[in-house]
Amino acid sequence: MEITTRSLWTMIHGMGFGALYLMACSGALVELYRRYSPRNLAAPVQNEENFLRIYLVAMAALAWLAVLTGAYIIYPWYRAAAPPGTANLAAFPQRLLLASPTTRGWHAIGMEWKEHVAWLAPISITMAAGVVFQYGRDLKKHSQLRAAVLGFVWISLATAAIAGFFGAMINKNAPVEGGPVIHIVQGEQK
Amino acid sequence: MSAQNTSASAVSTSHPNGAGAAAILAAGIGAFLVAVFAILADQNAAIKSMMIFWKPTGPLSGVTTCAIVLWLASWALLHLRWRNRNVVLSRINAAAFAMLTLGLLLTFPPIADLF
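Chain order of the listed sequences is A and B. For the first sequence, the positions run 1 to 190 when the numbering used here is used. For the second sequence, the positions run 1 to 115 when the numbering used here is used.
None of these hints come from the bench; they were simulated from the model. Incorrect hints may appear among the rest.
Unchecked claim - Which stretches of chain B does chain A cover? Using the computed rule of at least three CB atoms under 8 Å from a CB of chain A, they are: (1) 26–33; (2) 46–54; (3) 62–70; (4) 86–96.
Unchecked claim - Calculated from the model, a selection of chain A residues having no Cβ within reach of chain B, i.e. all distances over 12 Å: (5) G85; (6) T102; (7) A128; (8) G178.
Stated by the list, open to error - Covered by chain B, per the in silico footprint, the following chain A stretches (three or more residues, Cβ under 8 Å): (9) 16–22; (10) 27–35; (11) 66–77; (12) 117–125; (13) 154–166.
A virtual CB, placed ideally from N, CA and C, is assigned to each residue, including glycine.
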């Protein structure tokens, strides 16, 4: 069992940072809705307040790590230009997708949208973390602030889902492969 | 006098909404700028070339760096102006969500290609 370095980085980007961010979004939405609802009459607990603040900062870190690893580590491998006359485009995912009319859309629409829309997620969640850090339990008194924060977290979930969906489909059609091979487990010989 | 004191006390204990409004509006601006810079770099060869801050990533490096720098600058500026004030949040929320929605739609290639 082995994996290439590029494949490992793609997994770290997509399954490590991206998928974890998507899962964390649902928790953030529930907590932001429940905790700061004016109908929630329970007295706020400081430890829980601090936990939500750390949770949102961790989400912001995950979102930034996802877009930065995507743009500065994986994307250069994805968009690498193939030398003229290259017949096997397996090491050049963008060129491989563009070479066939059945896969061209995964780049022309999928990657072109993903590479930009993904940045809306860290911008939105950083704002949400900043507002919660600053206001905390005071958000109960600011229903419009709370509604805006919730709306931005919903959009960040949507943009991360768009990026995640296209990332998975693009990697299925033209995987980012190559680089040094890492041997994970030696299989038994029969 | 008593009513005035109560009112003053309520204002002083309530955190003004200006800092939050600054963060929300700036996030809308940042999202919109990602789309604007992406369209400009796509439509204009000179801008596309200018946006290549790091060659392996291409114009995406400049598009996102410019949007992030302007987002953070607008956040800082709005925060300094509004942090101790209460502002009309309904209008700011509407503007922020309009820009966020535009950011989402204008990054979609079939729409971006209309320009």
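Run the structure past the numbered hints and jot down the numbers of the failing ones, going up. 2, 7, 9, 10
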